[in-house]
Structures are given as structure tokens and as C-alpha cells.
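Got chain A; can you put chain B on it based on the hints?
2 protein chains.
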Amino acid sequence: MSIPASVEARGNPAARREHILDAAEACFVRNGFHRATMQDLAREAAMSPGNFYRYFESKEALVVGLVERERERGARLVEEMERSGDRRGALLDIIARYFVSITRAAAVLRLEVWSEATRNPAIAALTARTEAETRDWFTATFSALATSPDCDPDRLYALLAPLMKGILVGRAILPDYDPGPAVTELHTLLETGLDGRLPRAVTAGPPPNG
Amino acid sequence: MSIPASVEARGNPAARREHILDAAEACFVRNGFHRATMQDLAREAAMSPGNFYRYFESKEALVVGLVERERERGARLVEEMERSGDRRGALLDIIARYFVSITRAAAVLRLEVWSEATRNPAIAALTARTEAETRDWFTATFSALATSPDCDPDRLYALLAPLMKGILVGRAILPDYDPGPAVTELHTLLETGLDGRLPRAVTAGPPPNG
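Order-wise, the sequence lines are chains A and B.
Oh and the first sequence: position 77 is 77 in my numbering, straight run, nothing missing.
Oh and the second sequence: position 27 is 237 in my numbering, straight run, nothing missing.
Worth flagging that the hints you see were computed from the coordinates, not collected in a lab.
Beta carbons: idealized from backbone N, C-alpha and C, even for Gly.
Some hints here could point you the wrong way.
As the list claims (entries may be wrong) - Derived list of chain A stretches under chain B, where covered just means 3 residues or more per stretch with a C-beta under 8 Å from a C-beta of chain B:
| hint | region |
| --- | --- |
| 1 | 123-137 |
| 2 | 153-166 |
| 3 | 184-194 |
To be verified - Listed below are several chain B residues computed to face chain A (Cβ distance under 7 Å; list not exhaustive):
| hint | residue |
| --- | --- |
| 4 | Gly242 |
| 5 | Thr337 |
| 6 | Val379 |
| 7 | Ala392 |
| 8 | Thr398 |
Bound-form chain A, shown alone (with noise of 0.2 Å):
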């Protein structure tokens, strides 16, 4: 799909940024981050690289814009939560939301920003403090919602964390995967951890029933 030439001369610069951005999300799913150069990211966004290049300077840049909106994105729905008169409603409402409604597209460019933080020291570093961030984000909001003093926000978080992550690898590798199962099972845990019901940990000795 090309964009009209007058694109570029139209709207605001904001506007003009989350259109680059469209562009590049397109292009690094479709060709990966290192096969796209930004001569590709220019032509995909219908714009000269020299007008290109006044907005982003380099892919890396643009890396660190698409993290930058994902992460307001995540903002917009958090104070969704927060206005909502039933918070632990909402952040089930708002899970299951995420993960049922994610497009391949998202969940691919998710996995090249993840593959590029292996090796790029910058996206690493934006990687880790995502990463903290939301950690930090979920113990305080399990903390603030659990119904149970034997909620432990931190083993909540080490379980839900990896399950998160590990739907939106399905929604990418596997085109016909489906996340309702996963989501509904994500949605127990949450509650059961809240109410401080999670299965306990099996220690030494052999099982009951082993």
C-alpha cells in the first residue's frame, strides 16, 4: 500500500512519527532488523531518507521508538485500570484483552526486539528496563490486590512472567495458534495467586501418590 507524496507535507510532527514508526514495525516484520536498511524504512514510510533521517537517525533509533510506544501503550491501560472502580477486575479484563487480541505482527516485532537485545548492548539495556519496570509494576499492583496474606507478589510474578512471554512466542512462530487456552489459564493463576491459593511447591519425598 503506498502513501501519497502529500503525506509527507501534511500533519504534525507527532502524526508524522507514529506513521514512521507504522512503517518500520511493517518492514522490520516482514525482513527482519538486519536485512532492512533504512533506505527500505524510508521508501516503506513514502518518505525522501533525508526527511527520514530528521525524524530517526538510525535503526537502532527506531527500535527505541517502537519500545517507547508499546511501554505508553501499556501506560494507557494501566490508568484505564486505575479509573476503573473494580482495579482486579480490570486487570484480568485487560490481560486477557492483550493477549487474545495481539496481531502476529505485534507479537513478531516483540521477538526481533527480544533476538536484537542478545547482541545490541543498547537494546539490552532498553530490554532490562522494560523488563524491571514491569516487574516492579506487576509485584506493586499484585501487593495492592491480593485478597490474601499468603499472596507472595514476587512468586506470582515469577510464574505469570515467563507464561506472558511465552504466549506472545506461540502467537509468533505458529500462525494458527490459538492463546484462549493459554489466557484462561494465565486468568486462574492471577486470581488463585491473589488469593493466596497457588498449588504449594513440592518439597523433598516422594509424591502422595508417586
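Same frame as chain A, now just chain B:
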């Protein structure tokens, strides 16, 4: 670390294949799939390009070789379990050992293969086949090891598959990631699931304490 050229002349074809796969793994992990060229890969294996091509004709063929090697390693773990007098204990032990002892390089390679699967049809087909085989093996094993008719192997796999993937992502993207707590939760859910005691899914209506 350079390998003496004499390595190339010595050894049987199977040993050379292993040596090449080790070199390819190191090179893909360090540079990513797309930045590694066949020349880089031959150099890493301390082989002439001509000789190198006799073993693997493309980067895709190397990825297929690496995925097959991973599958063979999995098959050996399964044999170990089958030989054990306590299959359930052996399964729990093998899973715990696998996720706690996996190297960061192995986790990064897995992320690289997943990322490549989102765009490369041959790698996508290989990934889909591996995922289907893994699912079939786990659900059949859960059925065989269940200690309660309330164990639902499909439900248990829908929960554990993303959790296992997410642990690998954590290991790959966060150098200081400790898989211990997540593996403890995985263990607990596996035992609980086989005993038919997974927490129940929440149905419509407000939560009991909400």
C-alpha cells in the same frame, strides 16, 4: 580460539558434522543468522569454504542441522526417562535439569531460530513440526503418568508449553536471569496437573472475594 587445520583432515564425517554445528551455533549466537555469512561460518569451523559446502550447502541447512541435533538431545533425555523405574520422577528431574542448566548460548540460539521461523518458510515448517511433535509427546506422557482422572493433558500442556518457552526467553534476554523460581513453579504445576489438582478456571460472575 582457532582450531588446528589438521582437525579438518582427521575425524569421521559424524565428528566433523558435530564440529561444524558447534561452530555455526557460536557464530549465529554472536552475530545473528542474517549477519553470519557462509564464509564466516567456514572460518569459524576452520575449514575451507569448498570443504564446508560439502557438509552444509546453506545457512538454512545449518539451522535444520542444529534443530535436528536439539531434537536428538531431547530423544536421549526421553530414553533416559523411559529406562528409569520412576518415569514420573525422571520426567520432573529431567525438566528441572534442562531449564536450570541450559546455557545462555543455547537459549539465544532458540530465540534466533524462532525469529527466523517468522519469515523463512522452511524454518517455519520445521518449527511447526517440532512444536506438534513436542505437544504430542507431552500430552501422551501426561496421560500415561496421570494419577487422577481429573488430569487434563491438553489443558496441562496449554499451560506448561508457554511457561517453558518463556523461561528460555528470560534466559536469552536477561544475562542475570535466574530460572530457579520459574522452574519451581513449573515443577509444582506439573505435579499438580498430573494429580488432577490444577486450580479451576474462573467462570462468569464476580470472584468470591471481589
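**Report entry** Violated hints, by number in ascending order, as checked against the structure
**Finding:** none
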